Amino acid sequence: MSAEPLLTVERLRKHYAVTKGILFARTLGHVKAVDDISFTIAAGETLGLVGESGCGKTTTSKLILNLEEPTDGRILLEGKPIHGLKGEALREFRSQVQAVFQDPWSSLNPRMTIGRIIAESLIVIGWGTPGKIEERVRELLRQVGLRPEQATQYPHEFSGGQRQRIALASALASRPKLIVLDEPVSALDVSIRAQMMNLLKDIQARDKLAYLLVAHDLATVRHMADRTAVMYLGRIVEYAPTKTLFEDVRHPYTKALFSAVLQARPNQPEDEIVLPGEVPSPLNPPSGCRFHTRCPFVMARCAVEEPRLREVSPGHQVACHLYQAA
Amino acid sequence: MSAAGGVKDETILEVRDLRTHFFLRRGVVKAVDGVSFTLRRGEVLGLVGESGCGKSVTALSLMRLLPKGGARAIGGEVLLDGTDILTLGDSQMREIRGRKISMILQDPQTSLNPVFTVGDQLRESIFRRAGGRTAQIMREAVAALRRVDIAAPEQRIGQYPHQMSGGMKQRVVGAIVMSGEPEVLIADEPTTALDVTIQLQYLKLLQRLQRETGMAILFITHDFGVVARLCDRVAVMYAGRIVECGPVQEVFEHPSHPYTQALIASVPAMTGPIGRLTTIEGQPPSLMDLSAGCRFEPRCRHAEARCREAYPPPVGVGPDHTADCWRLQPA
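Which chain is which? The protein sequence lines are A and B, in order. Each residue of the first sequence is one higher than the one before, starting from 175 at the first, in the working numbering. Each residue of the second sequence is one higher than the one before, starting from 51 at the first, in the working numbering.
Fair warning: there could be bad hints in the mix.
[Unchecked claim] Derived pair list, reagent style SDA-like, types lysine to any residue, alpha-carbon separation capped at 20 Å:
no., chain 1, residue 1, chain 2, residue 2
1, A, Lys429, B, Leu327
2, A, Lys417, B, Arg122
3, A, Lys194, A, His204
[As the list claims (entries may be wrong)] Stretch by stretch, here's where chain A covers chain B in the computed footprint (C-beta under 8 Å, at least three residues):
no., stretch
4, 214 to 228
5, 232 to 241
6, 245 to 255
Quick caveat, the hints were computed from the structure, so don't treat them as lab data. Bear in mind the structure is a predicted one, so any value in this text is a computation, not a measurement. Here a beta-carbon is modelled for each residue, glycine too, at the ideal position from N, C-alpha and C.
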């Protein structure tokens, strides 16, 4: 890893105001979608971001894509803040950070040929002559395992797995340094999912790309990510190299999440940790540790004192009072 | 139904050579094309397969709820407790549906009516089964919600679906279904829309209800993890046919059909070495244009000439375990 990370996220917060009324709107409270998170992504590495619905994964990825302004904190790409960019600088940023979204049925314009969809990302950044763009589109289609002559077809002529390849080709077009993958395989069938995961890894190895992989499926993260951050209600509760995390789960929430993964092997013990209740509202998160209302190991101090991320082994951070020096 | 617990050999539902086709202007889509299986009292049978393999159309055929406009069960028999329900009239079917055979769908948001409270929807189902006085039905409805682990059911019963989370709505659907005391429950991907920790809560609930009542469950899913956790037997579907069927442990430890083998191998694991994932190259065939041979042949590593000529008959490969593959045919 080089000294300066590709992407640095520092104490990032995003709060959405909940208002009532139209003309004289009153603010009723704030949904703390992302609340003070920090992490880095090095060039060429994959960071996995896992958690359940509403934990703030998608908000985080929107902030990194510069589609939302943070309430507080900042995001640096190669040391330069990404929010507040305008004009040429913003266009430059867009060509360096790209995205592939979950649903390949809604992310491709049905009225454009796929060649045009891919060319679009080159045209907006003013990349070369029409002839050069056409050549690049053919090359991209080949890279993602499609045939160059398919450039004249429309999205509806392709299956889900193929559309996801088209979305990837379009993200790769401007030679980005970072691609945000927001649940890139969860809409795909099992046999197609493996094809897509292999393709993503091949392209990363060749182009030295960095990925932010937002996913809820731990097995996918295990196969793709170098490091993994686990989020719960807007906070990172555990952050470690993926290999370490899968061998030594520490946070009670991460333990429950791992235990809820049903493995494709028969005769497993039925002693999973079943969490009581559901994720509390981010509008009014619990005091102290946000997980204390569902935690099997809850102690008195958990309700009053918020635990901070602390290192428990090299590179492995956990936010839990169980692991903080008594 | 109380006598049903423990009796595992008695067949409650038998499907023989079911064919459901969609007759469209562009051609005939053979969504289900010769599906046979049995469901025994008190067991959970998993039906797994990828999108478009015909799992859900099989379920809708069993419920006689096929979409209007072209979809027809054109052949086969569905024997529910000995009666072929494909031959029943609509009013007879209405008596059975929800009482003897019931269904849970994937998305609880669309299976509950948004303009009625959950209590109204639950009471309707209880009234239809047993009738009775309002106060009695109300008490039963509260008890039904408590049975599916809904906290403070007296308050929840007056709420509308939008006031509940996805997991809670799916439990309300469970309470409505259970109030009809069905003997056969078809669950079509009921946990796909839920988060993993909520999915586990729901599967444990379903397992408890199944053990209490002895109902048989046909559990449709694409997730082998769910099959391993919940099911007694599993049937694997590909392009409108069941290609392999057997006890869960048998099928996981000795998958016999090349499709099952490849599918199990392509699931990323939570343990063991991290290497390149095994993939199945190509795409499933179009259901409008099926060859006479094995449907998996174009993607199969072991394909031979005879695979293209005719569809293989099922071969017994172990106790209660069959697979449709020419290679397994005794020479």
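Problem set entry | Indices of hints not satisfied (ascending) | As far as the earlier hints go, 1, 2 and 5 are violated by this structure, in ascending order.
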